[in-house]
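With the hints as extra help, turn the sequences into a complete structure.
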Amino acid sequence: MTGTHTARPAGAGVYQLGEGPLWDPRRQRLLWVDIDGHAVHQGELDAVTGTIAAIGTWRFDAQACAVAVAASGDLLVAERETLTRVAPDGTRTELARVLPHGAPGRLNDGAVDPAGRFLVGSLDPRQRSGTEVLVRLDPGGLTVLDDDLTLSNGLAWSPAGDTLYSIDSVPGTVWARDYQPSTGVVGGRREAFRITDGLPDGMCADADGNLWIAVWGRGRVECRTPQGDVLATVHVDAPNHTSVAFAGPDLDVLVVTTAAAGPAGHPHSGRLFTARVGAEGLPTAYWNPDL
Numbered sequence: 001m002t003g004t005h006t007a008r009p010a011g012a013g014v015y016q017l018g019e020g021p022l023w024d025p026r027r028q029r030l031l032w033v034d035i036d037g038h039a040v041h042q043g044e045l046d047a048v049t050g051t052i053a054a055i056g057t058w059r060f061d062a063q064a065c066a067v068a069v070a071a072s073g074d075l076l077v078a079e080r081e082t083l084t085r086v087a088p089d090g091t092r093t094e095l096a097r098v099l100p101h102g103a104p105g106r107l108n109d110g111a112v113d114p115a116g117r118f119l120v121g122s123l124d125p126r127q128r129s130g131t132e133v134l135v136r137l138d139p140g141g142l143t144v145l146d147d148d149l150t151l152s153n154g155l156a157w158s159p160a161g162d163t164l165y166s167i168d169s170v171p172g173t174v175w176a177r178d179y180q181p182s183t184g185v186v187g188g189r190r191e192a193f194r195i196t197d198g199l200p201d202g203m204c205a206d207a208d209g210n211l212w213i214a215v216w217g218r219g220r221v222e223c224r225t226p227q228g229d230v231l232a233t234v235h236v237d238a239p240n241h242t243s244v245a246f247a248g249p250d251l252d253v254l255v256v257t258t259a260a261a262g263p264a265g266h267p268h269s270g271r272l273f274t275a276r277v278g279a280e281g282l283p284t285a286y287w288n289p290d291l
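Residue numbering for the sequence shown follows the numbering used here, beginning at 1 and increasing consecutively.
I should point out that these hints are in silico values taken from the structure, not numbers from a laboratory. One or more hints might be untrue.
[Unchecked claim] Label-pair ranges, simulated between beta-carbon atoms:
1. T93 x G184: 19 to 27 Å
2. D46 x V144: 37 to 45 Å
3. S182 x G3: 36 to 44 Å
4. G161 x D89: 27 to 35 Å
5. G141 x G278: 41 to 49 Å
6. P171 x T57: 33 to 41 Å
7. T131 x Q28: 36 to 44 Å
8. D147 x L291: 19 to 27 Å
9. V230 x P283: 24 to 32 Å
Keep in mind that this is a model prediction, so the values were computed, not measured. Beta carbons: idealized from backbone N, C-alpha and C, even for Gly.
Here it is, written out as structure tokens:
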């Protein structure tokens with residue numbers, strides 16, 4: 001797993017702002033969003049070749065910023081300001097409004113905790129507010145974990161589920177805090193480490209507890225220990241890549257999402273990429289609508 005790796009384009013599809021890859025093992029499919037394309041996509045991964053074939057799309061009026069999936073196949077989609085449930089028959093239900101109508105910012109990265117609760121953060125497009133939030137959808141409504149962020153981003157849990165890692169991209173901070181999946185009790189936030197060369201964006205954890213972080217603007221994914229030591233680097237021929245996830249039956253294919261916008265000379269920008277990096281991911285819990 002240590003060393004340098006190179007990710008390869010996984011398909012011909014180009015997405016304006018690809019984000020939030022998620023492996024659904026029950027249906028053997030990959031889900032991801034195109035935020036500015038107002039869409040959630042699904043695809044089939046060939047774990048041998050690393051290619052991904054798009055097989056379906058859900059369209060939205062607003063930006064589609066993150067997606068989670070329930071064991072039943074229901075989707076939870078973070079739109080620009082609200083959380084929407086999409087049933088397998090296509091029925092849509094608004095579950096919660098996270099941001100006020102017409103807010104200058106929008107929702108951003110989201111993930112499901114080991115017990116099935118959904119967390120999502122927000123961002124300020126001006127990257128200067130310091131009032132953005134990280135919230136969790138609970139039975140009684142929204143629980144606010146943070147309210148002083150600038151660009152809430154990647155979320156991941158340790159293999160035991162007892163540590164939550166979260167990113168605030170603009171200061172480059174990776175935060176850590178104690179977390180009790182059984183009760184939802186969250187401990188105090190502490191700085192784990194910072195990334196100063198590029199903006200840390202999306203993130204996932206592997207089975208050894210290391211963190212894989214997409215570094216926006218630098219064309220690389222970094223594997224770091226929870227203390228911040230760099231163990232491996234994955235080069236991606238699309239400088240503005242956004243998030244990462246382990247996918248496939250053995251969770252041994254690293255999927256990287258990217259944005260179409262970027263400097264000239266990178267014709268693969270906006271595509272999905274894959275790489276084998278000698279590591280296996282943690283299974284992602286299904287969203288539990290009852291929690």
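Hints and how they fare:
1. T93 x G184: 19 to 27 Å: 23 Å, holds
2. D46 x V144: 37 to 45 Å: At 41 Å between Cβs, range holds.
3. S182 x G3: 36 to 44 Å: 38 Å, holds
4. G161 x D89: 27 to 35 Å: Cβ of G161 to Cβ of D89: about 32 Å, so the range 27 to 35 Å holds.
5. G141 x G278: 41 to 49 Å: The hinted range 41 to 49 Å holds for G141 and G278, with Cβ atoms some 43 Å apart.
6. P171 x T57: 33 to 41 Å: 35 Å Cβ-Cβ, so the 33 to 41 Å window holds.
7. T131 x Q28: 36 to 44 Å: 41 Å, holds
8. D147 x L291: 19 to 27 Å: 22 Å, holds
9. V230 x P283: 24 to 32 Å: 25 Å, holds
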